[in-house]
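Novice: Chains as they are written, first to last, in the UniProt record's numbering: chain L, 1 to 333; chain R, 1 to 333.
One or more hints might be untrue.
Identical copies look the same in the list; a pair holds intra-copy or inter-copy alike.
In silico lysine to aspartate or glutamate, EDC-like type, Cα no more than 16 Å apart, as pairs [to be verified]:
{"#": "1", "residue 1": "Lys192", "residue 2": "Glu53"}
{"#": "2", "residue 1": "Lys220", "residue 2": "Asp323"}
{"#": "3", "residue 1": "Lys319", "residue 2": "Glu209"}
{"#": "4", "residue 1": "Lys316", "residue 2": "Asp280"}
{"#": "5", "residue 1": "Lys220", "residue 2": "Asp288"}
{"#": "6", "residue 1": "Lys220", "residue 2": "Asp95"}
{"#": "7", "residue 1": "Lys174", "residue 2": "Glu218"}
{"#": "8", "residue 1": "Lys145", "residue 2": "Asp27"}
{"#": "9", "residue 1": "Lys316", "residue 2": "Glu170"}
{"#": "10", "residue 1": "Lys36", "residue 2": "Glu91"}
Simulated from the structure, these hints should not be mistaken for laboratory data.
Number of protein chains: 2
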Amino acid sequence: MKRVLLSLVLTSLCGSAIAEPLSAWNDTAAKKAIVKWVENATDADRSTFIPPEERYVVFDNDGTLWPEAPLTFQIQFALDEVNRLAPQHPEWANDPLVQSVLNNDIKAVAAAGEPGLIKLLALTHSNITTTEFNQRVANWISSKKDPRFGCGYDRLGYQPMRQLLDYLRENGFKTWIISGGGIDFMRVLSQKMYGIPPEQVVGSFALGEFALTGDGTEIKKTMQGAFNDDATNKPVAIHLFMGHRPVAAFGNSDGDLAMMQYTAANPRAKTFGLIVHHTDAQREYAYDSHPPASGKLVEGLQVAKEKGWTVVDMQKDWKTVFDPAQCPAMETK
Amino acid sequence: MKRVLLSLVLTSLCGSAIAEPLSAWNDTAAKKAIVKWVENATDADRSTFIPPEERYVVFDNDGTLWPEAPLTFQIQFALDEVNRLAPQHPEWANDPLVQSVLNNDIKAVAAAGEPGLIKLLALTHSNITTTEFNQRVANWISSKKDPRFGCGYDRLGYQPMRQLLDYLRENGFKTWIISGGGIDFMRVLSQKMYGIPPEQVVGSFALGEFALTGDGTEIKKTMQGAFNDDATNKPVAIHLFMGHRPVAAFGNSDGDLAMMQYTAANPRAKTFGLIVHHTDAQREYAYDSHPPASGKLVEGLQVAKEKGWTVVDMQKDWKTVFDPAQCPAMETK
Numbered sequence: 001m002k003r004v005l006l007s008l009v010l011t012s013l014c015g016s017a018i019a020e021p022l023s024a025w026n027d028t029a030a031k032k033a034i035v036k037w038v039e040n041a042t043d044a045d046r047s048t049f050i051p052p053e054e055r056y057v058v059f060d061n062d063g064t065l066w067p068e069a070p071l072t073f074q075i076q077f078a079l080d081e082v083n084r085l086a087p088q089h090p091e092w093a094n095d096p097l098v099q100s101v102l103n104n105d106i107k108a109v110a111a112a113g114e115p116g117l118i119k120l121l122a123l124t125h126s127n128i129t130t131t132e133f134n135q136r137v138a139n140w141i142s143s144k145k146d147p148r149f150g151c152g153y154d155r156l157g158y159q160p161m162r163q164l165l166d167y168l169r170e171n172g173f174k175t176w177i178i179s180g181g182g183i184d185f186m187r188v189l190s191q192k193m194y195g196i197p198p199e200q201v202v203g204s205f206a207l208g209e210f211a212l213t214g215d216g217t218e219i220k221k222t223m224q225g226a227f228n229d230d231a232t233n234k235p236v237a238i239h240l241f242m243g244h245r246p247v248a249a250f251g252n253s254d255g256d257l258a259m260m261q262y263t264a265a266n267p268r269a270k271t272f273g274l275i276v277h278h279t280d281a282q283r284e285y286a287y288d289s290h291p292p293a294s295g296k297l298v299e300g301l302q303v304a305k306e307k308g309w310t311v312v313d314m315q316k317d318w319k320t321v322f323d324p325a326q327c328p329a330m331e332t333k
Numbered sequence: 001m002k003r004v005l006l007s008l009v010l011t012s013l014c015g016s017a018i019a020e021p022l023s024a025w026n027d028t029a030a031k032k033a034i035v036k037w038v039e040n041a042t043d044a045d046r047s048t049f050i051p052p053e054e055r056y057v058v059f060d061n062d063g064t065l066w067p068e069a070p071l072t073f074q075i076q077f078a079l080d081e082v083n084r085l086a087p088q089h090p091e092w093a094n095d096p097l098v099q100s101v102l103n104n105d106i107k108a109v110a111a112a113g114e115p116g117l118i119k120l121l122a123l124t125h126s127n128i129t130t131t132e133f134n135q136r137v138a139n140w141i142s143s144k145k146d147p148r149f150g151c152g153y154d155r156l157g158y159q160p161m162r163q164l165l166d167y168l169r170e171n172g173f174k175t176w177i178i179s180g181g182g183i184d185f186m187r188v189l190s191q192k193m194y195g196i197p198p199e200q201v202v203g204s205f206a207l208g209e210f211a212l213t214g215d216g217t218e219i220k221k222t223m224q225g226a227f228n229d230d231a232t233n234k235p236v237a238i239h240l241f242m243g244h245r246p247v248a249a250f251g252n253s254d255g256d257l258a259m260m261q262y263t264a265a266n267p268r269a270k271t272f273g274l275i276v277h278h279t280d281a282q283r284e285y286a287y288d289s290h291p292p293a294s295g296k297l298v299e300g301l302q303v304a305k306e307k308g309w310t311v312v313d314m315q316k317d318w319k320t321v322f323d324p325a326q327c328p329a330m331e332t333k
């Protein structure tokens, strides 16, 4: 009621200056499906009503809220960190994986597979305190630009999805990220980029080690108990961290399928599922069965049909991909 | 502002009928220290002000929010479950630990140490779905009474601590539980008992296993990746789940010390620490260096002195221990 009143007052004060929710979406079926579901879920007079205390919704991050091509931003960070740190680590000189990174031989790095990835994470994401790690991520973000889009990675959240997060929160939904990305990495950025506080950001993690220090305490990052928050681990993480069954799930790849199925099977709500299909090579990237790095989408499209999930055609359904105010370089491309 | 107005209106409407915050506390130094810290933390004109977005506070559960003697409630649950399930498990007949449980030989169970405990948890907390587990906890809670206090375990939250949780929340603090107890076990009870939703309850956990079923999905509890959320693991869990450094910590044992030190070393706030000292054999229990089951408190008392933490003398500082309205049997004892 108060929100309605405030909204009326603001409308009369500001006229058309008020931003439409979802203004970065074209007026196509995807947007209509979102709005219809939210209206159904929030109208206490309908059988589809979802009580506020059950309005938990989950979003994948890489490829759903920001790009994951040509490499995920976090892998780019790890590669950049290896380059930055190498001079301090003469012992890395004989390491073929490190040498591939230093030679920018991404094919060789990719060929090292998951063990190679875990090793890169160990070199750049462990054996330092959480404070130091956060600082390194912040430094990297403030100094590095995406080579294609010409602005900082923290300015590349998809504008339609950021508006969707706002729209859902305005309607009483608690927005969570459930991502294969590193939990500490994302949390440096999530509040500013998405309005999501650290405790609502869940990702891959490893356990820390606590210690008293001379003047305080520290938590050192390790690789112990590493948990890869992808595929069937996503519902497990949702249960562990959030402890509620979601009522809506937003993803873009087969790695999100289990999370979406877990959500769709919520017996207490008429749920919503949405898959972002990357169809826009001109403004972003176009891929599904053969992604540049991560984000394979084949089974997800099939199940979406069976389940009636909304599939976003990025090219047709999104008016803008990135916010020109956030990333002015986009405008001049 | 709105809260103040509402409070004024209610005061004039209801007069003295409004419950004092912390009415179950005597007007001793402990209560005064709490109120003073909250006033300092919430007054924007003081240097001790803590912005609302940093007001995260953490509570231990066993021995801090509810009793942990003569056994923790969850161990009692495990023992009761072994008794309930044994007829369905003829293969348990030759198991000495199970036989000790069935014979109510608690000494022998205790002598089995941590491996014994883990085995009891495996028998009663794993290889079932999370849905089934929650139902078992709910069934147990609704059918079982604490033998000494004569009412359900979910009615034995300490009244002063429940008021303290309310008081902190009314002042904009986010209240979290960080406990050695099982995360799934506590979450069945936390909303109703403490007003704390599942996602703000952190405890010992193991990873689940996700599966599609004929008509939906399930998460099966396992013992994989078991994490014991005690002692130096508590700050690790706070970082992992909450992702903020707390500004206040409430515990009762040496197992809470690392969490309290981690909190006290928060460089961004004038923090608060409080230890519940069990000094009241008549109304609850009296122990520190030699607890009945868990809750050893020796080093914590020492560090509390050095750090200026508040130590609650349960006998002197608490007007009531349990809420007579919750547990009427108490009144007639």
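Novice: Compare the structure with each hint and give your call.
Specialist: Okay, the hints, checked on the actual structure:
{"no.": "1", "hint": "Lys192 - Glu53", "result": "between (25 Å within a copy, 13 Å between copies)"}
{"no.": "2", "hint": "Lys220 - Asp323", "result": "neither (36 Å within a copy, 42 Å between copies)"}
{"no.": "3", "hint": "Lys319 - Glu209", "result": "neither (46 Å within a copy, 40 Å between copies)"}
{"no.": "4", "hint": "Lys316 - Asp280", "result": "within (9 Å within a copy, 69 Å between copies)"}
{"no.": "5", "hint": "Lys220 - Asp288", "result": "neither (38 Å within a copy, 31 Å between copies)"}
{"no.": "6", "hint": "Lys220 - Asp95", "result": "neither (24 Å within a copy, 41 Å between copies)"}
{"no.": "7", "hint": "Lys174 - Glu218", "result": "neither (31 Å within a copy, 23 Å between copies)"}
{"no.": "8", "hint": "Lys145 - Asp27", "result": "neither (32 Å within a copy, 59 Å between copies)"}
{"no.": "9", "hint": "Lys316 - Glu170", "result": "neither (26 Å within a copy, 47 Å between copies)"}
{"no.": "10", "hint": "Lys36 - Glu91", "result": "neither (59 Å within a copy, 55 Å between copies)"}
Hint compliance for this structure: hints 2, 3, 5, 6, 7, 8, 9, 10 are not met, and every other hint is.
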